[in-house]
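Working from the sequences, and respecting the hints, build out all of it.
As given, the protein sequences belong to chains A and B, one line each in that order.
First residue of the first sequence? That's 1 in our numbering, and the numbers climb one at a time after it.
First residue of the second sequence? That's 208 in our numbering, and the numbers climb one at a time after it.
Rather than coming from a laboratory, the hints here were simulated on the basis of the structure.
Check before you lean on any hint, since a few could be wrong.
[What the hints assert, rightly or not] As a list, the in silico DSBU-like pairs of lysine-lysine whose alpha-carbon atoms are at most 35 angstroms apart: (1) A:K168 x B:K257; (2) B:K401 x B:K430; (3) A:K85 x B:K357; (4) B:K401 x B:K357; (5) B:K357 x B:K257; (6) B:K257 x A:K85; (7) A:K168 x A:K85; (8) B:K209 x A:K168.
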Amino acid sequence: MAGRVGLQKCGFHGNVDRERPVLYMIQSRPDESGERLEDAFGRLLESLRPDLVRFAYWLARDRAIAEDVVQEAMLRAWRARLELKDAAAARHWMLTIVRREHARLYERKRLVTVDLSDVVAREDAALARAGDGELLDLRGAILRLPDEYREPLVMQVLGGYSTAEIAKEMNLSTPAVLTRLFRARNRLREIYGLTPDVDCEPEGQMP
Amino acid sequence: MKCSDAHVAIGAEPQGTSPEIEQHLRECDSCAQYRREMRELDTQIYRAMKIDMAALKADEPARPSVRLVANAPSASPSRQSWMSSVSRQWAMAASVLVAVGVIFVLWGALPRHSLAADVVAHVISEPMPSPESPLPSPALEGVLQGANVKMDPISHEVLFAQTCFFRGRLVPHFVVRSGDAAVTVLVLQNEQLKGPEHFEGNGYDGVIVPVDGHGSIAVLSRKRIDTDRQAQEILSALHFLTPAA
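In structure tokens form, the structure reads like this:
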């Protein structure tokens, strides 16, 4: 049977109920309908593309790089499609491939260093056209977050990763991830009109 | 639990909870307020990140403007003179009929228009390095092999070969040099057509040619070349190793 894509309500890195696509594919026997399974896998990847590009964008802060990263990630995923045993885990699996592909990009290519303020100004202008003007300041602040704070935040908020999963992916201790997440949000508090908390804890010294 | 510990735990995971935090919040209004604020902030962070990527790309030529080109020859001078000889009313009536005809033609052509647009969009988005020397033939063979396709030697130099993800499938994408033109070829084994489709847009001229039982191939170039001839040459060199559908 070919794969199917459905919508289902599920939690969002905790207990908030938000609508999010949950993808599942009914596995077919390769000897019986291998071709149809490939079709389903292709459709599955395409259905995930908007989420993946968005995730890559917040990691890379550049739309063109995000598209490239996702394209490479999809190629990798296609080649490794037989490794995906549980289609319900496809989204998480793909996000991890995208995140690794993004990290690999910086190992593989010597990207031109650009002024962060230029990046933020350019993306701010594009984000302004994307609507939700009230969120513009917050988006700019997220773009300005240093990589070490922005990446775990994006993984948690958009990717739905648990703290332990982020720690594993980023090769950090769980307390270090908690500290980075706290600091990321603490920097965003001020933008949102809230008093930032006093941060007196050295990284990793969490309760 | 100290307030500072509660703040860090809540700030890191506003949606998370634990017996220790819940116990602390019952006794500390300030930390309970802090959690409410952080949860609200977290909702806003999610909204801020959940941007519509399509809207973000609205200022870019995300989808190239590609139009199908009629295969029929252009209007002859005699037709033009006939047009000038009839009365204005007849010309207007004819215009209405032509417009209706065009609508019907475009209606029937819409899905294929989409394929041509996707082909051009893909080629535009694909970063192709400028090679100083032709690609060694094993590189192209490897790409084609992945799609169960073989190609006899052709008269053109191969400049680029890569497997690409296109419309949910992996497809061979290669570029050959024909004279001073770079000609891009996509082997689209899952895209069926009834007949050749010519298109132009975003500086590209091209044709998508059906391959009996094996989908189609797209051939396009930025230079004015005879894409039909190029397509036939490529097609005659290609061998599909899987049975025809």
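Practice problem: Kindly indicate which numbered hints from before are broken by the structure, ordering the numbers from low to high. | Solution: Hint check: 5 fails alone, others pass.
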